[in-house]
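Undergrad: Kindly produce the complete structure, drawing on both the sequences and the hints.
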Amino acid sequence: MAETNPDPKLAAFSRIQDEIRFGPSVETHIRELVERKSHQPVHVLTSLEFDGLFQNGGIGTYFRQLSHQLHESGAPVIGIVVDDNSWWPNNRPPIDDFDLVFTLADAARLLSPDTFSLKSYWGWGHLSWAMERSFLVYLLHLAVQRALPDTTPVVAEFHEMAGVGHLTIQAGRSGILGDNFVSIVGQHSSEEWIRRANRQFDRLDFQWLDTLHMEGERVSMESANISFGPSRYLLDYSLSMGWDTRDSVVLPYPVGALDEMVEESAVPVHPTVDEPTVVFFGRLEERKGLVTFCDAVNLVRATPGLENTRVLLLGRVTDLHEQGMDARSYALRELGSKNLQIETELDREAAISLLKSLKRAVVFLGSPYDNFPNTALEMSQLPVRVVACSGSGLQEALQHCENWDPSFGFAPYDVQQAAAAVHAALEEPPVLSAPFTDAVRRKKNAEVMRRRAELVDAELQSRKRTPSEHPAVMIGVTYFNLGHYLLDALRSACAQSYSNVHVVVVNDGSTGDFSEARLMSARRMFPQVEFIDHAENLGLSAARNRLIEIAIERKADYLCFLDADNLLLPTAIEDLERAARTSSADLVIQPMIHFTDVGSVPSPNDVSSFVAIPGWIGTGFSQNLAGDALALFSVELLERFPHPEGRRQHTQDWITITKAWLHGHHITVLPDAAGLYRLRDDSMMHRDGVTAEDHFNLLEQVIAQVDDPRLRRTLWALIRQSQSGFVPDRNEHGPHLYDTHSDTIYTP
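When we follow numbering that gives the first Met the number 0, the leftmost residue of the sequence shown carries the number 0, and every step to the right adds one.
Hints in this document: simulated from the structure, not taken from any laboratory.
All residues carry an ideal CB built from backbone N, CA and C; glycine is no exception.
You may find that some hints are simply not true.
[Said to hold, decoys possible] Distance windows between CB atoms, simulated: (1) Pro303 / Asp95: 49 to 57 Å; (2) Ala534 / Ser239: 52 to 60 Å; (3) Ala534 / His662: 28 to 36 Å; (4) Phe513 / Ser24: 53 to 61 Å.
[Claimed, not checked] Pairs of lysine to any residue residues, derived as SDA-like cross-links and limited to a Cα-Cα distance of at most 25 Å, are as follows: (5) Lys355 / Pro303; (6) Lys463 / Gly177; (7) Lys443 / Ile58; (8) Lys554 / Glu529; (9) Lys658 / Glu548; (10) Lys358 / Gly408; (11) Lys554 / Glu635; (12) Lys337 / Asp318; (13) Lys358 / Glu427; (14) Lys463 / Ala452; (15) Lys463 / Lys355; (16) Lys355 / Cys293; (17) Lys355 / Val439; (18) Lys36 / Met240; (19) Lys443 / Gln415; (20) Lys443 / His70; (21) Lys358 / Asp318; (22) Lys36 / Ala74; (23) Lys36 / Asp95; (24) Lys355 / Glu321; (25) Lys554 / Gln398; (26) Lys337 / Lys355.
TA: Printed below as a string of C-alpha cells:
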C-alpha cells in the first residue's frame, strides 16, 4: 500500500544489505573463484583461532582439516579471520586449502569506501568488542553474498566462541542473506563450559563481555540452520546449561594425518628415548586434568621400581585458578624437577615429532570435560599407550578411531584409578604400530564429509517450496497527544513496500485542540487508514490490547506496534515478515535506530543503535536489550499474551517478549534496523513516577509461572541482584555473571 509520495526524511536510512559490497577488484576475484568451481557451494569458515592452524591443537586444527577436506573435494573455501593475522600476504595463508582469506583488520580496505561510512550510521562507538567483531563478520558475509550469483549456495560455518557469528546466523534466519544461505555452528566448547571446567566460577571478576560471550554462543547454537557437537557428551552438557540442543546432531571431526601438509625439513629431529615416559599432552590446565595427573604420577612413583619414572609435560602453560599459580610452578612443586621435562613452546608438528622419538610412551589424556579433542585423534595414530578419562568426549574420540581400551580408563578425578591405569600401561610391552591406519582414517573422513554434505543438501531442499500468498500484516499506531509526530509516523506506515498491510490508529483519549486538529488532518490525508477513538485515556497497554482485538477481528496474521512518535523504514514490514516466514518465528525483533530531532528531520549523524539478542533476561533487566518497539508479533502469540494493563511499568512489548521466550516461542532477530526510535525527554519513560521496582514486581509475577525450577531459580536470583543495585548502568559494563547452577550471585 505504498504511498505515491513517500516521506523524503527517511531517504538517508537505506537498508544495510543494499549498501554492503566489496570493492570491484575483490568482487571480481570472488566471481572468478565461483566460475572456476561452479559445481560446488561456497564455504565460508569464520574463526577466532585461525592462528591455531599453526599453534593450537583444538579449533585451529579442526578448521585446518575441514578446509583440507573441502579443498580436496573441489569446493571454493573462503576464510574470515576474526582476529588480526596481518602477516598473511595478499589475503592468502601459507597453506593451499583456502582460496581467499579476509581478516577483520582488512575490512576497511576490502569494503568499498561508501560501505564503511556506515560506521556513523550504526553509531560505531556504542558497540562492544564482541559486538563490533560480530557486526564486521556480518558485513563481510553480506559483501560475499552480494558478490555471488543468487543461485550460488553459501555454507557459513562458525565455532560458537564469543558468539562472533550470531548476527550473521540471525541474518540468514531472517532471509537477508538469500534463500541459498546455510549456517552451521559446531559447539567446540563454550565460555561457561571452559570456566566451569577450569573451576573459575568461584571468582568475582566476571564482566559484561564474558556474559555477552556466553549468550552470543547460545544464540548462535540455537539459531543456526545446522548445529552439531563433536560428541554426545558435549551436546548433553549443553542441555544441562539450559541450551536447546535437542535438534543438534553429533558430527565427529575429520581426522587429520599427522604428517599431512607438513614439510619434514621444518620439523626438529629429537634423539630416541628408550626409557618409559609418562606424557601429559595438551594445555597445562585444570580442564585437561593436570591436577589429577600430578597426583596419579606421585602414586605411581611410590611403587617400588617406579620411583624414577620419567615425566614429560607437553603443552602451553596456563594459570591454575584454584591453585593460585601457573601450571609450571605447580608441576615443579608437586613432581619435583628430577626426571621431569616441561616443553611449552613447541608447535603441533614439533610436539608430535617429540612424541615419535619416545619408544615407550604412555600418554595421559585426563580431562573429564574434553569435548572431542584433536589430541585424542592424533594419539590414535601414534605407537603409544593412551590412558584416558572415561565418560567425556575423549572416550568418544578414541572409539571413533577404534582405539579405546577400557583397561586404560579411569573415572573423572579418581586418582587411584588413574594411577592404576598408568601403572598397567607402563607394564605393557611397547606398541609396535599405530592401530588407526591411514586407510581407515580416510574412510571415516569420507563418512563425516558425506554426512555434512547431506545435512546441507537437506537444508537447501527444504527451502524449495511453493511461495504462499503474503500474510496479512496490521500496523497498529497508538496516539495520545503526539500531534507533532503523528503525520510522519503515518507517512512511514503507508509508504511500506509490502503490499498486504492494513494500518489502524487508536486515539487513546487525546486532549487539546492541537492534538485534535492533527488527528483530523490525518483522517483527511490517509483515507486508507482505520481510526478508533477512546473516550478517555486508558493507557498504552490498554490501547495496544485494543489493537490486538482488532487484529483478531480483521484476521491479520501479524501485528506491528508503532508508537506515533516513531518511524518505520520503507522496507520494514517486508523485512520483518520475510524474517518471520523464513524462520517460522512467532516474533521478530530488530535493532531500532535511536534518533533525536534536528528541527523536525531525523539525521543519521545523530543516531545510535543497539543490537538485540533474544533470550538473555538478565541483560534485559537493565538494558531492555530485547527491544520495546517496532517488533513483529504473530497475532496468535499476542492473543495468548496480551499486554498487562498497568501504568507503572517501564515498557509494554518487553514483558510480552519475556513471556514468549519463557514459554519457548521462536524469536528471530532482524540484524538490520527496520525503524527509527525517537528519544524524547517527555516520553512515558520519564514521567508518571514509573520505577524499576514496578517493572520487577511485574516480572516476578511472570516468572512465578515458569515450570522449570532451575530456570525459575536463576531468574529470581537475577531479579534480586538487580533490585540490590548490583547491575551497573547500561553505559557502564552491563550486568555481571550469575551462576546458573545455584542461587549464588557474584558481584564485584
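Undergrad: Check each numbered hint against the structure and report the violated ones by number, ascending.
TA: 5, 15, 18, 19, 21, 24 and 25
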